[in-house]
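As given, the protein sequences belong to chains U and F, one line each in that order. Read in the numbering used here, the first sequence has 73 at position 51, and its numbers run on one by one without any break. Read in the numbering used here, the second sequence has 1307 at position 78, and its numbers run on one by one without any break.
Just so you know, these hints were derived from the structure itself, not from any lab. Accuracy of the hints is not assured; some may be wrong.
The calculated lysine to aspartate or glutamate pairs, modelled on DMTMM-like cross-linking and capped at a C-alpha distance of 20 Å, are [said to hold, decoys possible]: (1) U:118 to F:1249; (2) U:55 to F:1267; (3) U:55 to U:34; (4) U:208 to U:183; (5) U:182 to F:1267; (6) U:177 to U:166; (7) U:82 to F:1285; (8) U:37 to F:1249; (9) U:55 to F:1249; (10) F:1278 to U:73; (11) U:67 to U:117; (12) U:67 to F:1273; (13) U:177 to U:158; (14) U:182 to F:1234; (15) U:97 to F:1273.
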Amino acid sequence: MNLRQNNPTDYDLVKQYIDGNHECIDTLINRHKDRIYTYIYLIVKNHQLTEDIFQDTFIKVIRSLRLGKYQDNGKFLAWVLRIAHNLIIDHFRREKQSNTFSKDDYELDIFNSNKYCEGNCEDELIRDQIHDDIRDLVQELPEDQREVVILRHYKGLSFKDIAEQTDVSINTALGRMRYALINMRKIIEERNMTLTFH
Amino acid sequence: MPMNEIYALLQHDVLFSPEEMLALLERISDLNLFDSSDLYNLLDEFKVKASGEIVERIKTFNRSTVNVDLKIPDIRELMLN
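Can you make the complete structure from the sequences, with help from the hints?
Laid out in structure tokens, this is it:
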């Protein structure tokens, strides 16, 4: 058995799928699922919506392959990403028409929630307590992660500005924010903390 | 540089409106970006794994519709049944 049989290219798998070997799509899905899911998630920043678009993307892929609409140019992943991208555009067009826009769940609710915008005195006390707890959590982060959280959420800088100010790439700044949020979630879970209203 | 558009998307909570999102997404559509190694590196760096459940659902869809005419428009109904 040669190398190509052991490790078929996307082209081989697409061709076999079109020729009737329906299991080949499983290998293509396994090979590319995380990149496609990540692309959708990084834009829509909501897991439920990402799953919907991810599913619709592959239904469209399967349908197009079976209908012979795919012209292979050796760029299967690029083709699938473009389908996903177009479905994301469809989503935002619908959002625009319905004049609604879901806030992301990429960053913690503790930073985004509208719940903290209004309320009575009791709510205000709870809000102050939550903000104190969050400040304490931020202080426990490693310095590079703490810096990004403070610049982003307390000073309102964009990731581009943070990258410039801290002399790192945008990728690094985004990565530090991601790890900061993961670490904060971990601490919240470990200490069984409650950082929500009611 | 095409990747700048992607970086802008990553921080869209700052841009925030569907109109701005659409404008950016449509600009990306015109760029030769989807086979860019820079994009693939970024996706690998920020990897978010697709759940096994959703992947399995798609594979099941593929297997269960082998003999079905997929030209029919209400394809999503097949998923629900």
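Each hint, compared with the structure:
1. U:118 to F:1249: 10 Å, holds
2. U:55 to F:1267: Roughly 18 Å separates the two Cα atoms, so the pair holds.
3. U:55 to U:34: Distance ~18 Å between residue 55 (chain U) and residue 34 (chain U) Cα, so the pair holds.
4. U:208 to U:183: Status violated; Cα separation ~27 Å.
5. U:182 to F:1267: With a Cα-Cα distance of about 17 Å, the restraint between residue 182 (chain U) and residue 1267 (chain F) holds, given a limit of 20 Å.
6. U:177 to U:166: 16 Å, holds
7. U:82 to F:1285: Holds: residue 82 (chain U) and residue 1285 (chain F) sit about 16 Å apart, inside 20 Å.
8. U:37 to F:1249: 39 Å, violated
9. U:55 to F:1249: 28 Å, violated
10. F:1278 to U:73: 11 Å, holds
11. U:67 to U:117: 15 Å, holds
12. U:67 to F:1273: Measuring from Cα to Cα gives roughly 16 Å; hence the hint holds.
13. U:177 to U:158: Cα-Cα ~17 Å, so holds.
14. U:182 to F:1234: Measuring from Cα to Cα gives roughly 12 Å; hence the hint holds.
15. U:97 to F:1273: 18 Å, holds
Of the hints listed earlier, those the structure fails to meet are numbers 4, 8, 9, in rising order.
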